[in-house]
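Throw the hints in and build the complete structure from the sequences for me.
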Amino acid sequence: MLELVDLSKKFKQNNAVKNVNMFIEKGEIVGLLGPNGAGKSTAISMLSSLVIPTKGDVRFNNKSVIKHPEPLRRVIGMVPQEIALYEDLTAEENLKFFGRIYKLKGNALKKKIDEVLDQIGLTDRRKDIVKTFSGGMKRRLNIGVAMLHDPEIMIMDEPTVGIDPQSRNYILETVKRLNHEKQMTVLYTSHYMEEVEFLCDRIYIMDQGNLIASGTKDEIKRILSAEKAILIKSNRWNDTFITSLKQDPTVNRVIVEEKEITIMVPKEINMFSSLIRIAEDAGIELNSVDIKTPTLEDVFLHLTGRALRD
Amino acid sequence: MIGQIVKKQLLILLRNPVQILLLVGLPIILIAILSMALGGTMSGEAPKINLKIAFLEHGDEEEQIDRFVSDIEQSALPDEATEAIRSNTSQVAPIRILKDHIFGSDDLEAMIEFHVVEPGEREQILNDSSYTAVVEVPENFTYEALGSMVLGGAAPALQISVNDEQQLGSHIVTQILESFQEQLTLGTFLGKKGMDEAVLQVEETFGEVSIIAQKNPITTQGYYTVGMAVMNVLFIASTLGSIAFMEKKTHVFDRMILGNISRWTYFIGVFVSSSLFGFIHLLIVYGFSWIVFGVKWPDLVAFFLVTMAYAIAIGGITVLLTAISYRINSEVITNFFSAIVVTFMAVLGGSFFPIGDSSAVIRMLGNLTPNGAGMSSYLTILRGDGISEISHHLLFMFLFALLSITIAAISFPKRRAS
Ligand SMILES: Nc1ncnc2c1ncn2[C@@H]1O[C@H](COP(=O)(O)OP(=O)(O)OP(=O)(O)O)[C@@H](O)[C@H]1O
Ligand SMILES: [Mg+2]
Chain A
1 MLELVDLSKK FKQNNAVKNV NMFIEKGEIV GLLGPNGAGK STAISMLSSL
51 VIPTKGDVRF NNKSVIKHPE PLRRVIGMVP QEIALYEDLT AEENLKFFGR
101 IYKLKGNALK KKIDEVLDQI GLTDRRKDIV KTFSGGMKRR LNIGVAMLHD
151 PEIMIMDEPT VGIDPQSRNY ILETVKRLNH EKQMTVLYTS HYMEEVEFLC
201 DRIYIMDQGN LIASGTKDEI KRILSAEKAI LIKSNRWNDT FITSLKQDPT
251 VNRVIVEEKE ITIMVPKEIN MFSSLIRIAE DAGIELNSVD IKTPTLEDVF
301 LHLTGRALRD
Chain B
1001 MIGQIVKKQL LILLRNPVQI LLLVGLPIIL IAILSMALGG TMSGEAPKIN
1051 LKIAFLEHGD EEEQIDRFVS DIEQSALPDE ATEAIRSNTS QVAPIRILKD
1101 HIFGSDDLEA MIEFHVVEPG EREQILNDSS YTAVVEVPEN FTYEALGSMV
1151 LGGAAPALQI SVNDEQQLGS HIVTQILESF QEQLTLGTFL GKKGMDEAVL
1201 QVEETFGEVS IIAQKNPITT QGYYTVGMAV MNVLFIASTL GSIAFMEKKT
1251 HVFDRMILGN ISRWTYFIGV FVSSSLFGFI HLLIVYGFSW IVFGVKWPDL
1301 VAFFLVTMAY AIAIGGITVL LTAISYRINS EVITNFFSAI VVTFMAVLGG
1351 SFFPIGDSSA VIRMLGNLTP NGAGMSSYLT ILRGDGISEI SHHLLFMFLF
1401 ALLSITIAAI SFPKRRAS
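Taken in order, these protein sequences are the chains called A and B.
Heads up: the first sequence runs through residues 1 to 310, numbered per my numbering.
Heads up: the second sequence runs through residues 1001 to 1418, numbered per my numbering.
Since the hints were made in silico from the structure, they are not lab data.
Take the hints with a grain of salt, since some may be wrong.
[Said to hold, decoys possible] Each pair of labels, with its calculated beta carbon distance range:
| no. | chain 1 | residue 1 | chain 2 | residue 2 | range |
| --- | --- | --- | --- | --- | --- |
| 1 | A | Glu260 | B | Ser1262 | 30 to 40 Å |
| 2 | A | Ser64 | B | Leu1010 | 52 to 62 Å |
| 3 | A | Glu257 | B | Val1024 | 55 to 65 Å |
[What the hints assert, rightly or not] Among the chain B residues that face chain A by a calculated CB cut under 7 Å, a handful are:
| no. | residue |
| --- | --- |
| 4 | Gln1004 |
| 5 | Val1006 |
| 6 | Lys1008 |
| 7 | Leu1011 |
| 8 | Ile1012 |
| 9 | Arg1015 |
| 10 | His1251 |
| 11 | Val1252 |
| 12 | Asp1254 |
| 13 | Arg1255 |
| 14 | Leu1258 |
| 15 | Gly1259 |
| 16 | Asn1260 |
C-beta: ideal position from N, C-alpha, C; glycine also.
Set out below in structure tokens:
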């Protein structure tokens, strides 16, 4: 239904998006993952017809969106990464204005506004000026505005940043329900793996402008089937220990965090005894050792060498 | 949709009471302060009129009088008649009256710089733009004038060349001479008493002329009402320009684009709201000044016309600021405009003091700013002149708006390429 074909975007010297190919079918929820600066927002802006690509095409029902953006614009709802609201207007006035843009009026508009306010849980704050809202409330309204015209395709760019867990769950449930009940198609960008795990059927992973992986959740996880992750914990690390780990021929990769280290090794390797020995030699006291089944986060680490959230 | 955009802009504006207070309150406070501080400098007196007149005589008056008397004596008139004429005419020297008692009178002395020049200097004086007028007395003027007085017939005419750049002064000199000429034809100069009367009449004409030139003298409050109103409404342009750029920065503009709102609808929305708010702003300030300072408008139709033209120019400035800030993706142009350009335009346009009085070039430059043209128009109609006197300013404001809109439309980004 919606396709990105060899899509590239260059900002002066900066190749923000390089030759990306993607597709989204009707009724799907597709996840788009990538670290900061990967090019997700840029790709989304091109896909939604806001930014003209340097190269390539965006196709909606096999017609170029670049030449004729109107049909796509009519059916997409966009939740931008930024809070795109009038801070000086009330929640209701914002909804009213954007509703009018989509040619809603009178009772239909009123009903829709009530419905959306209910969905984003802001009914009792409807008369308040957005400026006085908390960050999470603004986020919720930012989503609400995109739902006014019952879009067939919803594009959400990190919609839940800064929202408390209850509201987040509520929103995720709403997205899932709309997808279920109205076959709403969703492209969902997030830094939260669990959201993507919960929502998405298929996933694209971007890094430094490139699409580096794509597939269903299972397919993506299978990328890691040749490896396993060993998670060790201690109160402190030292250089000797980390260097020895990295020099161990059986270790593929070491990711160091303050109190945790993740060691990636081939699936068949059992390095439990050698791990204990290295720790003893370096004078490190291990608090725990865990073998983890791979998560999306691990896939991500594997592919990009970076944690999703820095 | 344009209506929705205007409504929304108004709501945003109204949600910022400080902004409103600055936009509307500031000019009112400034009018009060400036009128009080500078009161008197413009307190309803006639404008300072400075006439520089060159006076050129072709021929000698005394000689002509003598010649006339001797011609009369040799004529066939009865002796008593000849005697009566001689005694009268010896006191009648129209040119001397004009020089000494009219142009040289105590009342006019302060305003008139009077130079008697030689025929040889004529060309040079005519080319000297500092002169208001050159008055020339033809060769046989006095002889013919006496002839027409005594024997009847047409009176000879003085020649006057006026300087078109000094319209007011030229007008006054012409009026004085016309009045003088009229007295001459009526023969009022005959007899001592008659002469005084004639001088009085001419002076009265002068008074009338200066009053006509300054139909309603402009009060300090009037001056600063206009000055502050035309200056402060410029801030409507920067305020709405900022709101428009904020719409780009916060991506609500993107939301409109995604809602299939054409960027031209948006553009027109910005223009209409700015023109409308500018119009309302002017009405509020002028209305307030009318109630509080008694600044009344003699010709309301002309007033509304000027206000409309200027409001449209304000709309033009707003879309220009909007288009440029959208293009360079920065608010710096709008800030620069409100911080520096407005002040500069205000000074040049005469908002703080009548800067144009000091030089014709500055006056012209001032009138080439929309606020300066607006100010000149307002002052002109405040003085009591009609629409015809300000048509060139009105035209300028419309053209300015048209040019701004055109440049804005050309530079407004067609579609986000970056
Ligand atoms: N308008 C722009 N002009 C110049 N460079 C840009 C512009 N927009 C994005 N970039 C650059 O393009 C690259 C990709 O940015 P983008 O916002 O698409 O990343 P992202 O994946 O959405 O990151 P994040 O997770 O932080 O939102 C970055 O290097 C960014 O600096
Ligand atoms: Mg982004």
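**OP:** Could you tell me which of the numbered hints above are not met by this structure, giving the numbers in increasing order?
**Re:** Hints 1, 2, 5 are the ones this structure does not satisfy, whereas the remaining hints hold.
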